[in-house]
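*Asks:* Chain by chain, the residues run as shown.
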Amino acid sequence: MSDEAMIVDRGYRTYDGPRSGVVGAVRSVAWHSMRSVLGIGRPARHKILPVMAVLIAYLPALVFVGIAVLLPVDLVGKGVIPSYADYTGFIGLVIVLFCGLVAPEVLVGDRRNGMFGLYLSTPLRRDTYLVAKILAVMATLMMVTLGPPLLLLIAYTFEGSGPGGVGNWLVLLVRIVASGVVISAVFAVVSLAAASLTDRRAFASVGVILVLLGSNVVMGALIVKAGVSSTLGVLDLLGMPFELVQRIYGQPGGFPKMSVLLVAGANAAWATLGGVVIWYRYRRLAINP
Amino acid sequence: MMHAVTVIATRGLTVQFGAERALDELDVTIPSGVTGLVGANGAGKTTLMSIVLGLRPPTSGSIEVLGMDPRSQGHLIRAFVGYAPERNLLPGDMRAVDFVRHLSEVRGLPRDEARNRASDSLWLVGLGEERFRAIGSLSTGQRQRVKLAQAIAADPRLVLLDEPTDGLDPVQRDEMLALIRQINDEFGIDVVLSSHVLEEVERVCDSIVALDAGRLVASGPLQDLIAGDEGIEVELVDIADRPGSIDQVVAALSARGLSIARDGSVITVVGPDADAVADATRDAVADAGARLGRMSSRRRTLEDLFMEGS
Chain A
1 MSDEAMIVDR GYRTYDGPRS GVVGAVRSVA WHSMRSVLGI GRPARHKILP VMAVLIAYLP
61 ALVFVGIAVL LPVDLVGKGV IPSYADYTGF IGLVIVLFCG LVAPEVLVGD RRNGMFGLYL
121 STPLRRDTYL VAKILAVMAT LMMVTLGPPL LLLIAYTFEG SGPGGVGNWL VLLVRIVASG
181 VVISAVFAVV SLAAASLTDR RAFASVGVIL VLLGSNVVMG ALIVKAGVSS TLGVLDLLGM
241 PFELVQRIYG QPGGFPKMSV LLVAGANAAW ATLGGVVIWY RYRRLAINP
Chain B
1 MMHAVTVIAT RGLTVQFGAE RALDELDVTI PSGVTGLVGA NGAGKTTLMS IVLGLRPPTS
61 GSIEVLGMDP RSQGHLIRAF VGYAPERNLL PGDMRAVDFV RHLSEVRGLP RDEARNRASD
121 SLWLVGLGEE RFRAIGSLST GQRQRVKLAQ AIAADPRLVL LDEPTDGLDP VQRDEMLALI
181 RQINDEFGID VVLSSHVLEE VERVCDSIVA LDAGRLVASG PLQDLIAGDE GIEVELVDIA
241 DRPGSIDQVV AALSARGLSI ARDGSVITVV GPDADAVADA TRDAVADAGA RLGRMSSRRR
301 TLEDLFMEGS
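Line by line, the protein sequences give chains A and B.
Going by the numbering used here, the first sequence opens with residue 1, and the numbers climb by one from there.
Going by the numbering used here, the second sequence opens with residue 1, and the numbers climb by one from there.
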């Protein structure tokens, strides 16, 4: 044993160091919620669905990269391989299912297992708690909305079919990031709003999927089959975020008659409405104490 | 931050829920140490704790917690206050150590510090070996300990424990009460223990705040409240050739300025000195010619306090 070696009785002791306050609390809850929804630190059965969803979201990207490598022709955006703008729509169903998995897991669990009340005994308040939860869902959704297009960009770049020139490359990168963040934010708030209305996780999952897919199907039927104005597409909760992605890439999208401002406004309105629903629900939620 | 001599102070604290008054003009000073917040369900204990944590504003009156105002500095107070809820609902699939670590981080501790202190706290409450088990697999007693561990892990100045012995068997209850005493005696953490079990409050608390239907029944150091007077309980037998002898005993003791409570043939005599009370009672019984069935010393309890105050 060296001269410096000693036995330290750690035991319980005081802590006089810095405390991270509300910002640290928000960060910690968001990080913990992300880990929880992905099944990290939880039994294996909690990992199956999120891992499957993420794999399915990335699978097309990997296949497209493989095709691009094997076929010496620029197929990107030529109808064979989806463009960057089309990719999120291409995996739209996976994103919807992921929303149905993530939002209820992040929100409903805390109300059922007493964590919500415990969180409010920390520096968090109801509003900062909800900010943490929205950030958690956003960050988790970005794994499937932002990750695959980024993977495509990097892989295509190495393969030699990426955008020409540093300037174009950076513009595309900004569009990919902006699209991923925006679509994640809108889907996060809308799906959390749907999940906030019930204490049953399964009902919440079904509710989130129904809200997103239902509005898309109904609006699609009204516009395409009944011939109502395509402006009513602003009520399409699934279509509007994907439409905004198209506009970010400078594409006309599925509602070419709508202005960019209207599309952006519709997304902002849905996000705001979702936020109001969540706040209304949580403002009234009884806690102990 | 220095330890405040006064941990919580309220002045005219009132909370009104519609027509119901949950707290009524409460003037309370809670000093350092272990304080019992006692009262039946609906007495206002949980409402008071909500206000202490800054989760609910009072309708009127003022409150200071650790020298801060919960209405404007609630988030600061909650960084220095640990709370263990009454409800036994905890995330069952989380490991105990992850649960405690996470809440320590949320209360502001850096990640490494939170991890170390989570383990230390779980060792302290006797769950060192079980800290990596899922909370759902722990017994009720162990879950109560997990709740205590998360309340103290972030080194709070004050912990609020809501019915911490709920669901525990007598042995577990004794251990929990010993732990509560230990965290104050050894680590200087002030404790407010909310409970409806008066006997355990008497065992572990330095002072009490007793509430009934939102009103203050009594508050202050426990010894001052329950040990001021000493008394005896006497069971007398009314015999045929001495009718009214019990009345005579009661009258004689009352004349000596002692406090008398009568329930049939059982009288409780309370005075400042137990020996003097016993001597006076013996003399009064002998003078009246009453027959003594039973005589036992009786200490004033929190229950007496409640009966008098209600």
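Check each hint, because a few of them may be wrong.
One-sided excerpt, in silico: chain B residues whose CB lies under 10 Å from chain A [stated by the list, open to error]:
id: 1; residue: Val28
id: 2; residue: Gly54
id: 3; residue: His75
id: 4; residue: Arg78
id: 5; residue: Asn88
id: 6; residue: Asp98
id: 7; residue: His102
id: 8; residue: Arg111
id: 9; residue: Gly126
id: 10; residue: Ala134
id: 11; residue: Leu138
id: 12; residue: Ala154
id: 13; residue: Glu186
If you are wondering where the hints come from, they were derived from the structure by calculation, not from laboratory data.
Because the structure is a prediction, the values reported are computed rather than measured.
Ideal placement from N, C-alpha and C gives every residue a C-beta, glycine not left out.
*Asks:* Take the hints in turn and mark each one as holding or not.
*Replies:* Hint check results:
no. : hint   : in the structure
1   : Val28  : violated, 17 Å
2   : Gly54  : holds, 9 Å
3   : His75  : holds, 4 Å
4   : Arg78  : holds, 5 Å
5   : Asn88  : holds, 8 Å
6   : Asp98  : holds, 6 Å
7   : His102 : holds, 5 Å
8   : Arg111 : holds, 8 Å
9   : Gly126 : violated, 12 Å
10  : Ala134 : holds, 8 Å
11  : Leu138 : violated, 14 Å
12  : Ala154 : holds, 7 Å
13  : Glu186 : holds, 8 Å
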